[in-house]
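Trainee: Given next are the chains, with one letter for each unit.
There are 2 protein chains.
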Amino acid sequence: MKKSICVLLTLCICFFFATVSPYAATDPLPSWNNGPSKQAVIGFVAAVTTPGSLDFTAAEERIATFDSDGTLMAEQPIYFQFLYEIYRVKALAPGYPAWQTLQPFKAALEGDMSYLARTASQGEVDLTAGTEAGRSDEEIRADTAVWAAASRHPRFDRPVTDLVYQPMLELLSYLRANGFKTYVVTGTEIAFVRAWSEKTYGIPPEMIVGTSVKVRYLMRDGIGTVVYEPAGNFICNGEDKPTAIHYMIGRRPIAAFGNSDSDIPMLQYATSGKGRRLGLLVHHTDGRREWAYDRASPIGKLDKGFDEASQRGWVVVDMKKDWRVIFPFEKGTLR
Amino acid sequence: MKKSICVLLTLCICFFFATVSPYAATDPLPSWNNGPSKQAVIGFVAAVTTPGSLDFTAAEERIATFDSDGTLMAEQPIYFQFLYEIYRVKALAPGYPAWQTLQPFKAALEGDMSYLARTASQGEVDLTAGTEAGRSDEEIRADTAVWAAASRHPRFDRPVTDLVYQPMLELLSYLRANGFKTYVVTGTEIAFVRAWSEKTYGIPPEMIVGTSVKVRYLMRDGIGTVVYEPAGNFICNGEDKPTAIHYMIGRRPIAAFGNSDSDIPMLQYATSGKGRRLGLLVHHTDGRREWAYDRASPIGKLDKGFDEASQRGWVVVDMKKDWRVIFPFEKGTLR
Numbered sequence: 194m195k196k197s198i199c200v201l202l203t204l205c206i207c208f209f210f211a212t213v214s215p216y217a218a219t220d221p222l223p224s225w226n227n228g229p230s231k232q233a234v235i236g237f238v239a240a241v242t243t244p245g246s247l248d249f250t251a252a253e254e255r256i257a258t259f260d261s262d263g264t265l266m267a268e269q270p271i272y273f274q275f276l277y278e279i280y281r282v283k284a285l286a287p288g289y290p291a292w293q294t295l296q297p298f299k300a301a302l303e304g305d306m307s308y309l310a311r312t313a314s315q316g317e318v319d320l321t322a323g324t325e326a327g328r329s330d331e332e333i334r335a336d337t338a339v340w341a342a343a344s345r346h347p348r349f350d351r352p353v354t355d356l357v358y359q360p361m362l363e364l365l366s367y368l369r370a371n372g373f374k375t376y377v378v379t380g381t382e383i384a385f386v387r388a389w390s391e392k393t394y395g396i397p398p399e400m401i402v403g404t405s406v407k408v409r410y411l412m413r414d415g416i417g418t419v420v421y422e423p424a425g426n427f428i429c430n431g432e433d434k435p436t437a438i439h440y441m442i443g444r445r446p447i448a449a450f451g452n453s454d455s456d457i458p459m460l461q462y463a464t465s466g467k468g469r470r471l472g473l474l475v476h477h478t479d480g481r482r483e484w485a486y487d488r489a490s491p492i493g494k495l496d497k498g499f500d501e502a503s504q505r506g507w508v509v510v511d512m513k514k515d516w517r518v519i520f521p522f523e524k525g526t527l528r
Numbered sequence: 194m195k196k197s198i199c200v201l202l203t204l205c206i207c208f209f210f211a212t213v214s215p216y217a218a219t220d221p222l223p224s225w226n227n228g229p230s231k232q233a234v235i236g237f238v239a240a241v242t243t244p245g246s247l248d249f250t251a252a253e254e255r256i257a258t259f260d261s262d263g264t265l266m267a268e269q270p271i272y273f274q275f276l277y278e279i280y281r282v283k284a285l286a287p288g289y290p291a292w293q294t295l296q297p298f299k300a301a302l303e304g305d306m307s308y309l310a311r312t313a314s315q316g317e318v319d320l321t322a323g324t325e326a327g328r329s330d331e332e333i334r335a336d337t338a339v340w341a342a343a344s345r346h347p348r349f350d351r352p353v354t355d356l357v358y359q360p361m362l363e364l365l366s367y368l369r370a371n372g373f374k375t376y377v378v379t380g381t382e383i384a385f386v387r388a389w390s391e392k393t394y395g396i397p398p399e400m401i402v403g404t405s406v407k408v409r410y411l412m413r414d415g416i417g418t419v420v421y422e423p424a425g426n427f428i429c430n431g432e433d434k435p436t437a438i439h440y441m442i443g444r445r446p447i448a449a450f451g452n453s454d455s456d457i458p459m460l461q462y463a464t465s466g467k468g469r470r471l472g473l474l475v476h477h478t479d480g481r482r483e484w485a486y487d488r489a490s491p492i493g494k495l496d497k498g499f500d501e502a503s504q505r506g507w508v509v510v511d512m513k514k515d516w517r518v519i520f521p522f523e524k525g526t527l528r
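Residue numbers (this note's numbering), protein chains in the order written: chain A, 194 to 528; chain B, 194 to 528.
Keep in mind the hints are simulated off the structure, nothing from the lab.
Some hints here could point you the wrong way.
One copy or two, it doesn't matter: identical chains are merged, so the pair holds either way.
What the hints assert, rightly or not - Only pairs whose alpha carbons sit at most 30 Å apart, straight line, appear in this in silico DSSO-like list of lysine-lysine:
| id | residue 1 | residue 2 |
| --- | --- | --- |
| 1 | K299 | K407 |
| 2 | K514 | K524 |
| 3 | K407 | K497 |
| 4 | K407 | K467 |
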């Protein structure tokens with residue numbers, strides 16, 4: 194009899210810790226290891242959302258901006274938009290013999306990742322302008338969504354959109370649950386990101402700020418249509434991340450998240466405003482689970498960002514130490 | 194005894210109609226007279242929001258775009274941004290002697306409304322670029338907000354932002370209560386509108402799409418700052434309303450609202466998509482309470498819009514007949 198009471202009591206305690214314990218139930222960032230990065234994020238959110246706190250910030254001012262490649266999603270061996278553009282260039286190449294010798298089309302046809310990586314957003318916009326001219330934004334997005342679902346990442350052999358960072362998905366949800374508006378501000382072309390951002394990031398098309406190609410409005414078979422032109426419009430990198438935020442959002446963010454030197458101006462812009470601010474850089478330190486790269490990388494180069502981070506008090510996430518899980522598909526094996 | 198019962202009964206009936214009657218309690222558009230315009234709007238909202246309806250549209254697709262001048266707010270005797278620019282040009286003129294002979298600055302100094310009206314958005318952007326270069330977006334907005342609060346409209350002798358249309362404010366609230374996202378898509382420069390849009394329209398800065406001046410990001414006294422340059426960037430009128438929607442919103446609206454030929458492409462774009470759509474033009478027909486103008490007006494010219502409206506089934510609001518109240522400040526006298 195006494196034994197069965199003991200068993201019952203143990204079961205009750207287990208049940209309590211598994212389901213009722215305030216820590217287990219309320220940890221908003223379960224894939225983040227406890228440590229200074231996680232505490233800085235949670236401390237910031239608590240400070241700006243607690244009524245009466247000196248740092249309290251009205252909900253409408255809680256704007257958070259996120260770089261995409263390397264911050265919310267992997268960017269190796271090359272920015273994923275290039276994989277889509279390689280598919281497009283190869284499909285269209287028979288009609289464009291000039292591409293055999295014209296860069297960056299030649300590099301796309303040859304799969305020259307090293308050349309393409311160096312062209313960065315300018316290469317992406319040139320390829321988009323060259324391959325999408327004459328198509329509508331709706332056609333491009335529908336095609337991109339089909340491509341993304343069928344794509345296979347060269348290392349992980351899964352759709353590229355599976356390579357989103359689980360800790361950052363938790364951070365996005367946590368911020369939104371605390372009244373933040375979460376925007377993507379990316380060097381990647383907007384239609385490419387909008388094709389899967391809502392499903393993958395929970396961020397709708399109207400909250401994607403990015404690089405764009407010139408478009409034109411026309412009536413096509415009685416339907417008003419926005420059609421891509423063969424020319425770039427805006428490259429959303431470096432100092433043009435804050436200018437894009439001016440054009441498209443119109444408020445200084447109170448939190449900004451990036452992973453490369455190209456994100457420095459956006460983080461400066463966010464964190465040099467008045468009141469409590471958060472800047473965070475993701476440092477790629479895990480060559481086993483993801484990739485390890487920083488100062489010398491042609492993709493996602495992070496060099497001056499380290500100095501700025503220490504001067505300005507930005508959080509630098511060490512992916513290897515700070516993140517218990519990197520990709521959502523790992524979760525089953527790690528828990 | 195019988196008489197007092199009668200009185201009591203009458204009081205009860207009055208009380209019921211004044212406070213409990215479903216019609217009085219739920220009319221979302223009390224400043225709209227009953228008629229085909231009001232019924233078209235309510236019928237559209239019911240159709241797209243009723244689960245199981247053939248026309249049901251998921252909340253995330255409920256994007257509604259509104260022109261500002263002449264659609265949400267008066268635009269006579271001239272677009273209100275010109276009144277602000279006249280104030281800026283006069284304040285700065287001592288430092289810019291060339292403006293005495295350089296258009297459109299000369300016209301602003303002379304108060305030549307007729308000249309300024311003809312320059313439209315191009316004139317607004319030239320004046321903004323000329324008067325705001327070197328200032329930050331934050332300085333411009335703070336100054337505009339102070340100016341707007343102190344401004345006196347030449348006819349109504351009140352702040353210009355008082356000249357917002359009460360029926361359109363009700364429409365904005367009604368759409369938002371039904372899950373719509375309401376955007377402004379305007380030919381006016383964005384900082385000017387963002388200075389008062391949240392207070393006046395309930396529309397935050399991040400949902401203002403409009404004409405812009407070139408800006409540059411720089412560090413100023415250690416603070417990351419977006420500063421205006423002396424050049425235009427984008428004019429958001431006519432066929433560039435749909436292109437601006439592509440760049441900044443990334444979804445085809447399901448409802449669009451305008452008042453002039455410059456809004457035709459935006460209404461075409463919205464209403465030629467699949468599924469139930471609403472296009473609405475505000476026709477200025479009330480010379481007594483507001484202004485009466487259309488085909489021949491240099492401001493808010495509405496001419497081809499009538500043909501498009503009848504071909505495409507757009508609602509044309511007759512302000513005189515359809516609107517019980519025009520401005521919020523009338524309400525006290527009319528009720």
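Trainee: Compare the structure with each hint and give your call.
Mentor: Hint check:
no.: 1; hint: K299 - K407; result: within (23 Å within a copy, 34 Å between copies)
no.: 2; hint: K514 - K524; result: within (16 Å within a copy, 63 Å between copies)
no.: 3; hint: K407 - K497; result: between (32 Å within a copy, 27 Å between copies)
no.: 4; hint: K407 - K467; result: between (36 Å within a copy, 25 Å between copies)
Figure legend: structure checked against the earlier numbered hints; every hint is met.
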